[in-house]
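Chain order of the listed sequences is A and B.
Quick note: the first sequence uses this note's numbering, first residue 1, plus one each step.
Quick note: the second sequence uses this note's numbering, first residue 1, plus one each step.
Take the hints with a grain of salt, since some may be wrong.
Beta-carbon label-pair distances, calculated as ranges [what the hints assert, rightly or not]:
| hint | chain 1 | residue 1 | chain 2 | residue 2 | range |
| --- | --- | --- | --- | --- | --- |
| 1 | B | 19 | A | 178 | 18 to 24 Å |
| 2 | A | 95 | B | 155 | 33 to 39 Å |
| 3 | A | 24 | B | 436 | 51 to 57 Å |
| 4 | A | 107 | B | 23 | 52 to 58 Å |
| 5 | B | 364 | A | 211 | 51 to 57 Å |
| 6 | A | 107 | B | 432 | 46 to 52 Å |
| 7 | A | 91 | B | 394 | 36 to 42 Å |
| 8 | A | 211 | B | 98 | 48 to 54 Å |
Hints in this document: simulated from the structure, not taken from any laboratory.
Even for Gly, the Cβ is constructed at its ideal location relative to N, Cα and C.
What follows is the residue order along each chain.
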Amino acid sequence: MTADWIEVILIFLILTGFVLLGSSRLISCIRMAAAQGVALGVLVLTEDSIEPTLRLTLIGLATIVLKGFVFPHLLIRALRESNTNKEVQPFVGYVSSLFIGIVMLGFSFWIGYRSGISLAGSSLLFLPVAFFLFLTGLFLIVARRTAINQVLGYLIMENGIYTFGFATVKEMPALVELGVLLDVFVAVFVMGIAIYRINQEFDHIDSDQLRTLKG
Amino acid sequence: MSLEWILPALVALPALLAPVSFAFGTARAALRFCVLGTIVVACLAGLAIWNVSIHGKLSGANDWFMMDALSAYHLIVMMLVFVFSSLYSTSYFAREEQAGNFDITSARRYVALFLGSLAAMLLVLVSNNLGIMWVGIEATTLLTAFLIIIHVTPASLEAMWKYLLICSVGVAFAFAGTLLVAASATSVHTVGVGGLHWTKLMESAQKLDGKLVKIGFIFLVVGFGTKAGLAPMHSWLPDAHSQAPAPVSAIFSGFLLNTALYCILRYVPLVDASTRDSEWARGILVAFGVLSILIAAAFIVAQHDVKRLLAYHSVEHLGIIAFGAGIGGLGAFAALFHILNHSLCKMLSFFCAGSLGQTYGTHDMRKMTGIMKRSPVWGTGLFGSLLALIGLAPFALFLSEFLILKSAWDKGALWAMVFFITGLAVVFVGALRHAITMAWEPAAEFHVKDQFSLLDAFLVFVPLVGLLTLGVWMPQPLKDILIQASIVFGEKA
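Next comes chain B alone, as it looks inside the complex (with noise of 0.2 Å):
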């Protein structure tokens, strides 16, 4: 059975979808749509995935759209993301309505968005052609900017000016360095339309101007890395993922970040070809991981709101993975995996944040003490996923961590080690204090202990035991799909 039709038709599903929140009459509705309609999205992605593990590369539409190992990893990643930050928006816009902070309008919208920016996502992950995955990027700045001010206030409004204003302005240096990759290209062929497919520019990327290419990475890398958040280019994202609703915050860093990081990976492998040179490119992120790393620990340690402490523990671990894919072989295969963990945990820790914070009515840290007792279910999983974050063993962040570390001692990139165990440490020590603080201080005076549903309950534990599974042991297909996005990253197996 060809399956060419499939890749647009996950394009073109969730943003058919996105108009139709407008027909609903109720907030409550319309959300659920958001779930239904993304659950949907979910199975035809899965059914793409399936197709592309057994049958290797997919791809549609003469050839605009292509899914391989390293984009079929992703799209797991993101719809996972999707489907359980769609799930708990009902839990918490529900928990809005009742305090009189959300209506049917701002459920429409919010809807609306979801789905809009699920569908520019999709774009970027199957899109073979680099202009139109840049497309795509600059797309999800423009919808995801809108759901930041879901709640309209002073704040949110600040929030999202920086975000839109920076990140456009980043991007537009991206589009700079892809116009670049493009140019290197004139001299090797003059057809136009294949000539920014990345397929294409594999196959001829011996050929291409190495030096025109060493520029546009860099432009790349500062382009998307501002979308990715690293540092010093991060300075949107606490903004933006503090004043957003938290499920919002939760696609944002759950995945978000992940896509732009993905273009700069999907250039590695080109930049290596061109040049002949597999150091490069990776040195350049291995630097740009150590400096978000240590950027994001020194405001760690410092930090008061929960929901920007979250913030900078993305700035961290984009870095980290950065610096796992720079340090190349087992660190890139680590870094990939370190992907799915740490959207994973971010997720969840914005999903119990976001939910605190509406029992609390702060997200101040001095402030919500007694987490546990107070709020047993989204309290557990606050301070769980905090323990994760910070790499506490047996979580399967520690392991890819620790897989990261040893690639990188067995290349011997000591300086980079030292940086990157003193980032963690001080990672370490800032938010366990903080953690500590939240979970075993005693609560304030408090009357009713917080309710919750059968869903909140799944919600925290299933990402919770997943993160301890994946901690002790890695299932066959997982191991073999990362192998596989390893090699498209231009690891040999």
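So that you can see chain A by itself, here it is in the shape it has in the complex (with noise of 0.2 Å):
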């Protein structure tokens, strides 16, 4: 497939990003960042820079069932087991939040230009896009007070991460990057569960009232 695929899924990935900032309803949140997972793996499953290898279609694989379709589904069923349905109050607001999303998209790209690390992916894009996810999946943490939000915050993340490593690191064994898949899957179960067990007993998933362990 042509290069300019490849960027129109960047920039996918980037726009999804913004969605993520500027939205309230968590369960569009939740279907962003699936439409996010599932992006990811045509990506991988796309690029041709290098010949398409088991290794790699398998991976992508992976990605899109894991990302575009269990982690959603284990956070839709949090979700309706707490009968919360929207961000109230976060810590900054949604019109700042795209204004601070812009502020790293810009950031992102002097960066990614600047620091001078070589590509074995096809698209200059490919840096900026990563770091920029990063950034967003950082700011989603400490910027909402729903569990779900900053569940969702440590995927972007990690799909930064993710980006960077296919663009930089072509040759990960296969061994090592369906372990980290499959961390990321217990952990995304684990804080599922986890967010289930907080409702139970505190009957709300605001984090910011996690607060009587203190000192």
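Assembling the complex is the task here: the two chains are given apart, and the hints tell you how they should meet.
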């Protein structure tokens, strides 16, 4: 496939990041993260600057299945249990979040081009997109209250690292990548259970209210 | 005899034993199985360590697994902590069961997770591939998270959530660091499979892209440092340590933190060789070490909860270890020695704090008075271990701290020394006050003295005597392996 398509996917990844920064309905946030996961998997499958191998196909498919379907399913279930459907009063408002997103994007482009890291991937956009996703994920973790949004932040951050790895280190052994995917899967699973338990015990999933332990 | 199979077997054995725990009918039986399983694993580990000490490096499964003196030494400490903790959990949970806080469901879950985290930590120690090492660290986070909520309470859930999120995000940084190091090697060799093997990277270390390795190392220190409890990334630590059941706190403090620090130590020689600068990475370790000591000192003075106090001691001592490793030379040797001392001491103190907490029904040090009268064994243990933790001679911790200080002096790192001594002095005064209150203030009314079994006495006095002995005399095999390990770590013998 041509490099154009790769860039379309990469730009789609940036857009999903912005939607996540700007929306308050948790269900649409989860869906957006799922779309991002699928896009990431497709990226792995279509990138052809090196020979398509069994390893890449395997990892691309595993990414699509896990990030596109399994994780969202787990999170939606946790969401349904908790009777929460909106992020009310995040620490940073949505309009400001979008502005911060623009700043982060600019910064990512600047550092992506300046870093001088040699790319294995075919597009110059790879590094800026990776940094942008990484920063967006971190931002969501600190700027949102609900536990679900924090898990999403973790996932977006992971996607960023994943993109970075894909762009720079083509030759990761499959065993390592599958191990990493497995870990992320278990992480989301465990966090889902934690959210369920927290909701049972506290009747909410607002992590800002978890603050009895201090000092 | 070829021992190729032993390293994979070490990881597989506890992982296979873990699900067996669901077959047991009583909590007592499950906990006994846990002790047995841990001891079997320890024997196997002993065989591997013995082999390493005689023949040097041991590898297996096409170089995916590797054990050298550094990992063998860590393995010794780890098996000590796990065997003692499994023994202690029989005593601790028996009392919990009497109080109606522990049943067969929790027992099964506890044993399965205990053996599971043992497997994950073993994976970290014996894997030669830096990617798999990362996978192991993340796995320990996920498995141990549930150990915190063996007793489900709002506070323990809160601690678990913080632990899970902060450590997962932190460890994600470490993954970015791992990728950066991998990226630094792309120009050297394109061989996919061996690309992240530590041994391979060490061979070609001089050809790695030094700038990328440096950036990567910063990510790695922040990432693994979060898990190791280095300040200022330590905020999850006091919560998790104080809310987990005591045997779990002992594992957390006694070895989980060290597992993450071990990963950082693995990268140090790599950074040294690729940047041709043996000071840069060590300077970072010293800085984090000093910061951890100072921040912990401030919190120790103001602390009232005994388990949180011990948690901040962990931050302090991990800081001391990072500091010593950063100073290098004799300091690296002493830092490695300090790992053993700290783990022994911290495990003992958490055992005692846990059992005293059961007796008193609180962890508030202002209410836990007269501990030695009310509970002679655990009380003596806690008092003794607190004295050791603040670095009183002739306990072994004094010796290793003294050696670290001496090597800092030899190196002329005066400012670092000033901070180090200030921190330790504050800790000494602050914690001594707590210890004296608990030991000598008259106890509130109580009717029965605490009963104790032979096992309890064993669990208290063996580590205590061990710490005293190591303070005055170091056995030759221990000295040998410490020297070997510090050579791996990049020190000339």
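Looking at the structure, which of the earlier hints fail to hold? 5, 7 and 8
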